[in-house]
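Those protein sequences? They're chains A and B, same order as listed.
Residue numbers are given in the working numbering: position 7 of the first sequence equals residue 7, and the series is strictly consecutive.
Residue numbers are given in the working numbering: position 25 of the second sequence equals residue 25, and the series is strictly consecutive.
Heads up, some of the hints might be wrong.
Dumping the calculated EDC-like pairs for lysine to aspartate or glutamate here, alpha-carbon to alpha-carbon at most 20 Å [what the hints assert, rightly or not]:
#, chain 1, residue 1, chain 2, residue 2
1, A, Lys246, B, Glu227
2, A, Lys253, B, Asp357
3, A, Lys246, B, Glu25
4, A, Lys253, B, Glu227
5, A, Lys109, A, Asp120
6, A, Lys253, B, Glu25
7, A, Lys384, B, Asp357
8, A, Lys246, B, Glu216
These are computed hints drawn from the structure, not numbers from a lab.
It should be emphasised that the depicted structure is a prediction, and the values quoted were computed from it without experimental measurement.
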Amino acid sequence: MIVLLLTKAVPARTTKVITVGGVLRREEMDLVINPLDFKALQAADYAKRFNGGKLVAVSMGPDFKVKPLFTELYSYPIEGVDEGYILSDRRMAGADTWATAYAVALGVKKVLDIHRNAVDELTSMVESGEPREKVLQRAEELYKRNLIPNLLYTDKPGAPEAAVQRYARGQLSREELLDTMKKVRVEIERFLIVAGLKTSDGETGSTGPQTAEALSDLLGKRIPDITHVSWFEVDAETGTLIAERKTGSYFQKVRCQLPCLITILPDYRPDVPPVSRRKRARAYSYRNKLSEVVVWNADAIGADPSQIGLAGSPTIVGPGIDIGGIPVQKFLGVTKVFRSKVEKFEFNGKTYGPFERFQKVEGLPEELVRELESKGLIKVFDLKDLIAEVFSGVLAAAKH
Amino acid sequence: MSSQLQSIEVRIEGYRDVWVYCEHEDGQLTRATTEVIGGARKVADRVGMKVVGVLIGYNLNDLLREPIYYGADSVIYCDDPRLKDYQVLPYTTVLSDMIVKLKPWAMLFVTSEIGKDLGPRVAYRTRTGLAADVIDLIVEDFVMNLPTGRYVYKDCIAQVRPDFATRIAKIFTPKHRPQISSVRPGNFTPLPRDEKRRGDLVRWEPQFNEDDFQVETLETRRLPKSEIKLEEANVVISLGLGILRDGAGRPRDPREAYGMAEELKKLLSEKFGIKVEIGSSRALIYAQLKELEGLITKDRQVGQTGKTIAPDLYIALGISGALQHRVGMQRSKKIVAVNLDPNAPIFQIAHYCVVGDLYDFLPKLIEELRSI
Numbered sequence: 001m002i003v004l005l006l007t008k009a010v011p012a013r014t015t016k017v018i019t020v021g022g023v024l025r026r027e028e029m030d031l032v033i034n035p036l037d038f039k040a041l042q043a044a045d046y047a048k049r050f051n052g053g054k055l056v057a058v059s060m061g062p063d064f065k066v067k068p069l070f071t072e073l074y075s076y077p078i079e080g081v082d083e084g085y086i087l088s089d090r091r092m093a094g095a096d097t098w099a100t101a102y103a104v105a106l107g108v109k110k111v112l113d114i115h116r117n118a119v120d121e122l123t124s125m126v127e128s129g130e131p132r133e134k135v136l137q138r139a140e141e142l143y144k145r146n147l148i149p150n151l152l153y154t155d156k157p158g159a160p161e162a163a164v165q166r167y168a169r170g171q172l173s174r175e176e177l178l179d180t181m182k183k184v185r186v187e188i189e190r191f192l193i194v195a196g197l198k199t200s201d202g203e204t205g206s207t208g209p210q211t212a213e214a215l216s217d218l219l220g221k222r223i224p225d226i227t228h229v230s231w232f233e234v235d236a237e238t239g240t241l242i243a244e245r246k247t248g249s250y251f252q253k254v255r256c257q258l259p260c261l262i263t264i265l266p267d268y269r270p271d272v273p274p275v276s277r278r279k280r281a282r283a284y285s286y287r288n289k290l291s292e293v294v295v296w297n298a299d300a301i302g303a304d305p306s307q308i309g310l311a312g313s314p315t316i317v318g319p320g321i322d323i324g325g326i327p328v329q330k331f332l333g334v335t336k337v338f339r340s341k342v343e344k345f346e347f348n349g350k351t352y353g354p355f356e357r358f359q360k361v362e363g364l365p366e367e368l369v370r371e372l373e374s375k376g377l378i379k380v381f382d383l384k385d386l387i388a389e390v391f392s393g394v395l396a397a398a399k400h
Numbered sequence: 001m002s003s004q005l006q007s008i009e010v011r012i013e014g015y016r017d018v019w020v021y022c023e024h025e026d027g028q029l030t031r032a033t034t035e036v037i038g039g040a041r042k043v044a045d046r047v048g049m050k051v052v053g054v055l056i057g058y059n060l061n062d063l064l065r066e067p068i069y070y071g072a073d074s075v076i077y078c079d080d081p082r083l084k085d086y087q088v089l090p091y092t093t094v095l096s097d098m099i100v101k102l103k104p105w106a107m108l109f110v111t112s113e114i115g116k117d118l119g120p121r122v123a124y125r126t127r128t129g130l131a132a133d134v135i136d137l138i139v140e141d142f143v144m145n146l147p148t149g150r151y152v153y154k155d156c157i158a159q160v161r162p163d164f165a166t167r168i169a170k171i172f173t174p175k176h177r178p179q180i181s182s183v184r185p186g187n188f189t190p191l192p193r194d195e196k197r198r199g200d201l202v203r204w205e206p207q208f209n210e211d212d213f214q215v216e217t218l219e220t221r222r223l224p225k226s227e228i229k230l231e232e233a234n235v236v237i238s239l240g241l242g243i244l245r246d247g248a249g250r251p252r253d254p255r256e257a258y259g260m261a262e263e264l265k266k267l268l269s270e271k272f273g274i275k276v277e278i279g280s281s282r283a284l285i286y287a288q289l290k291e292l293e294g295l296i297t298k299d300r301q302v303g304q305t306g307k308t309i310a311p312d313l314y315i316a317l318g319i320s321g322a323l324q325h326r327v328g329m330q331r332s333k334k335i336v337a338v339n340l341d342p343n344a345p346i347f348q349i350a351h352y353c354v355v356g357d358l359y360d361f362l363p364k365l366i367e368e369l370r371s372i
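All chains should be modelled from the sequences, with the hints used to inform the complete structure.
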């Protein structure tokens, strides 16, 4: 089973963000893997260990920034990511969720295509009656490139020989081999995409569902998404996923056929795959991890230039606005306020006031402040004042 | 050399009305839905359009007029046994077909599990933009300066949302319609329910794709109802990670602070006869402290991923006040913040700032309050 993890590099600190005209300059900031993606990674890892196969991470962003972060995904406790693909292209910069989903779906499709093509190529070699030696040789090449699972070819010590190897020796008939290949082929179509609930930068949670929709367009079949998943079970053997998710005041338990996209709630806890699944998982797994991350640009995934990046984004971020001015602030034990109401008065030929009780003393000449202090009209705002002003004042009003 | 950019006015014609996707539970519109109808009303009146409530589900009869009672001008509904439970594919098909055929100018969802699933899919399928987590909707022109001219897109909706930088951003969907947003609960006031309001009910006949029903509901189970109603409280006393240490830097049992907050809550509600609730920052909830198990639960979370509230008084105890927290409480009428760190961002918006130890401050506050 191919499990695809959608992941994103986000700014490490939300306080130091560089934007130009509303577009994040990811290439100029310190980035980290989106924290919620690690929940998705745990879920994806569980799905892969339960079924065998490979865990593929797909991300979009400037590759020189994102690549180093993938180390963390590869070395994640348990098994971690087996292969990484980064979609990186200046033309993809400034994408909103629509344009991101479009590009990511193309990347996912390409990953699937590569695996599908490998099995199809081998299948047509067998079907067209190519010599068994040649089939074996090609299978070895594809296996070493991690494109066909142990079930078809293997070099694992101690493992029984795989289908193509037994076919080459005449221990397996053509029909039996084609049958096994068909199983592998069917399983490629039963993929699972796992994403975090949302990213810590955009915080929209929209890219998951939109990627499922974009992929539906590309593959010509509707791919469902199930968001806010707190628990799930997925069996590539039957091609079914059962999940629990939250909608409003309800928990919904749903079943669907693969392929499917799920987004994972932060409260998710991975199960431990049973030992009984180990043999199957090994057979459907691939040779090893590909530590070299693959980078694809827009052309590599066949993206329509008018649908990616800023050009492909229906939304535009307008100029930012302030969150409102700083309120009149009083610091307990520090801020000077009027002890009680002071009527209008003159000082050095200028008129001041009137001042309310607890009004902050600000903008007055130092000399005047000293004068008021000496008369005992000014005090430092303290706990009793806070209670008088807030608790008795505000709350008594709230009662009505 | 001076060059005067030519001003070019752009109007996207042929789209009308503000639609609201109406979420319902147990035969009632959700409160958040009634709020969004209120928000839609504000926008629609500004541009002289109508508010249309969209209802999808099964056995909707008793519900059909509810959006109108809350301020919509009419309702489009799709009532079908196959739509009994929410599932993204058939719901997306129904809603996208409605949009393509009837061409709304704007479409508003609630920011909820459903709105955050259905909204994005519908936006993708109808090839338009989506602004998530919107806190305000303002009608204004969107201006884009290009080398070829100054393009003025007339009457767009500035979809205001918290930006993760220290600011708020306006999202525009200038060239595509409908302009789709999901609106965060707690930002608009519902109109009073009025059964005298009249409006048309239009039935929509769905046409499904054969692969729309791949997801089947096995079971639905009601979540335990939360007793905690932060939105309705006059005073919210909120706790953050700062409760783990006192002014001397010594670790403290967080139950101490929780206990004092409880005491303060009891005192205030008795003395003033008002509703008081205990809230929390996201950080404290996600710390999943053994000591606070069952006390500080997810339904107490204030902030971008929790609840947006505007009580008469908000007391922030040991909360540093990250932007995500502030957007959830900054509209509180008065804010009292207690924090050891004078540079804590919460002090940027608090009206009353106590730079100091909450383990020192709280007992004094409680004692003083008792004596009045």
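>> Please list, smallest to largest, the hint numbers that this structure does not respect.
In response: 2, 4
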